Amino acid sequence: MRTAAQVKVRNPEVLFETFRRRLPGIGYAGIPLLRAELLEFLEARLSAPRASAIALTVTEVLTNLVKHPRSKARNVEIEVRLGPGQVLIDIADDSTPFANFKAKCKNALRQADAAVSLAEAGYGLRCILRQHAMVCYLARDESPDGLNHFLVGDARDDVVLPPADSCCAELERMVRPPLPRRYGAWRLTARAKSAEETGGDFVVSEERPDCLMGVIADVMGHGPQARYFSYSYARHLRSLLRDSEAGRGPGRLLECLSAAVAQDRLLEGMIMTCLAFQLFPDGRARIASAGHPSPVIAGGSAASLLRIHGVLPGLGGPPGYDVSVVLMAPNDKIIFGTDGFFEPFCPDGDTGELLSLIRAQADRRGLCLAGALWDEYLQKTSRGHDDDAMLVIAEFGGTP
Amino acid sequence: MTAETFDIRSGQDYLVIRFTGFVDASTVENAKPALLRRIPAGCANFVIDLLKVDFLDSNGIGLFVTLLKKAHMNAGKLYVAGAAGQPAAVLQMVGLSGALVVHCQDVAEAVALLEKKT
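Protein sequences, first through last, are from chains Z and F. The letter at position 248 of the first sequence is residue 248 when you use our numbering, and the numbering goes up by one with no holes. The letter at position 26 of the second sequence is residue 26 when you use our numbering, and the numbering goes up by one with no holes.
The following block holds chain F by itself, in its conformation from the complex (with noise of 0.2 Å):
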């Protein structure tokens, strides 16, 4: 993954991720290290931009389930925005929703969310 499949933005309490372009194997495991160490420390709140993203395979599964655990641990929230078409044939199939997991329809509506809890 490079700048040009995933940028970050900053909120209150949380980070914005927009993935664009294949999240896969080839993509993942370069980058992760990178999309990790430009994570601040206690960050509790992540919302997963999906809208632009052309395929998602486990590798990118296994990158959303690490910035979950993340979250977990400051006992924050994983948002998915704007997924649909095949990432949102596989997070559902891989089973990723459940109480630490929120869907939403845009990155606006989950920023609306965590803004409104704060």
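If we strip away everything but chain Z, and leave its shape as in the complex, we get (with noise of 0.2 Å):
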């Protein structure tokens, strides 16, 4: 039986701490004034960054209120909560909804990586799906209050297991078990770095009798967001890889991922890049992308990009994946990076340089060859580079 104690825990308004004001409409003006009020509130129980983060958001959503809608708001709701481990907003008005939400959003995130262009709009929005693990919006009509909600749902930066935490450590190990080293006359060779104590970046991988699949996933973000869902997508990814239907290659495994995520609301609001491969003992290789920068092929003396194009997870688009088969010669690799590994190397996404490093090594064994990208990219980004970085070279030694 429950003590009064124990009913009074798990009392809401005792585990969340509540912003909460209603505004008679809103103006440009009195935006200011709203967002110093929660900054107060804020700053006192979070960190300044994340305190910001949400303080954008709210200003954000606030503007749109002001600048977009055919009917203005006349009664606008904004509360902000607090709860232990994650932060929940709610601005709820009574204007003309927000017209197709999801198309917007789908929009914005497919811009989120990229640099700006000068004809592009919606930075408000791709800011708000940029720093928040859930973004959702239900209009008035299909709301029971008769308010039009703006959801936004995350985590709390002020709880994150340190770094040392062995539970952390543990889970760590369980999710991303480490690339075999060798399959068949495959040699595989993996370095990474995370930004902060677990970053976003990670390979999963399943050795069947055939070939070995794998994927190589590049999670947007750092911090608890960031780690909290690569164990998702790990997670998610390790059962897709063993799935009959799912595992038959690289193209349906994305496929799968993608629609997973269209229909997962918590997932659909992060962004993730990967790359799924599939290693044969022959030395045939098959490709698939979703996103993620495209590998390099490199033998002998030389070395190109092996150009493949795909949607990111959850976005719709043309159907299915184009898969790439390589028929690798002895000793040529495949050169698998995440945004953060090739960044430093391509900053105006000019890859000359980069291919250029690689020819000039590209008969050192693989991983001679990773060693060596590696203290490059750590050389290049000894100044500060705060982004997660994976390098994967994949070496085919020669049919057995």
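These are computed hints drawn from the structure, not numbers from a lab. Everything hinted at is true.
Some chain F residues close to chain Z (C-beta under 8 Å, calculated; not the full set):
(1) Ala25
(2) Asp57
(3) Asn59
(4) Ile61
(5) Ala89
(6) Val90
Beyond 12 Å from chain F on every Cβ pair, some chain Z residues (computed):
(7) Asp145
(8) His236
(9) Leu327
Please read all numbers here as calculations on a predicted model, not as lab measurements. C-beta: ideal position from N, C-alpha, C; glycine also.
Please dock the two separately framed chains into a single complex, following the hints provided.
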């Protein structure tokens, strides 16, 4: 039986600290004042970057309410709830609903990893989507109280397990078992660096009698959200690798992943790129990409990008993912990297320097090449590069 | 945005626009036309000084992109100086980087780069 004390602890008003304001409409002039009050509340409870991220989100939503609706809001309710481990933002209003919200989110997510262009818009929505794990919108005709609701959910950053925590390390080990060093005539080498305790880059693989199948993934962001989502994605990908349908090949696997992400409200709010590969004992490799940087094929004194394109998981677009098939000669290598690894070599998108570097050492063993590239990467980023990075080299040693 | 929240200083082939306080809808909506009127036709390079900016939102980004377009049209560049904290995080989030934008520690660094170029 529950005691009174237990019941009290379970009372949401005790668990949650809430900032709440109800306004008879909103104008531009009112936004800074409200933001100042919200910041005062948040900064007393959260880290400064987290507080300013939430304040920015609330500012963007309120600005939208002033700028866009055909009929202006006469009732605006703002609620920011800080719970144990989570933040919930609910901005309700009675103005004209936000039209095509999902399509606009998808558009903003498509642009989210690219440099700003001279024509695009939607920076506000992009900021919100990039900052938070869960973003959704309930139009007033669907909502029980007849108000539009802009809802944002997130993890708090003050409940992160410390880096040396053994539980954290154990979870890491369970979710991300290392790549096998060998598979038939293939030799595999991986290097990784996390910007914070645990980053969003990971690789999962499954050894089968006929092939080695794996996925390299990059969950955008750092810190608790990226960690949480990389666990979720890694677990999901491991199940897909073992699934008889999804595990048929890289293209099918990405299709299944994409369909699952599109149906999952929580996962849909997070951006991930990934690349699926299948390595066969005869030297064939099959590769498909979902928004991930193209791998480099190297051998002898040659190196070139294997250009593979595919939409980010969950975004829809044309059905299916293209699969590239490569037949490797002995000592050829496939160099896979996440954005964090490639970016310091190609800050303006020019891969010339990276390819020259690889060509100069393409005849070295995969392990040595990985060491050399990784040293170069560390040197390039020694003055600060706040991103996760992963490098995987698969070298074909020849038909056994 | 009023005279208290931004000022403009001209250089040889550039303008330094110093913002202070909030660069958000509450300031940008009114002052964007005034700011754009004060930009001479053909000005190719802009230095945006964000050292004293406390808060930047997507409306501020929209204004910077307008300046970026002007710079691009006149074969110039946009220099972003002194961004730190919240404004720097927002610039990074929306991807305001790349070949047309140069991020500098401060205005002096941006001006030195511009004067070296000329």
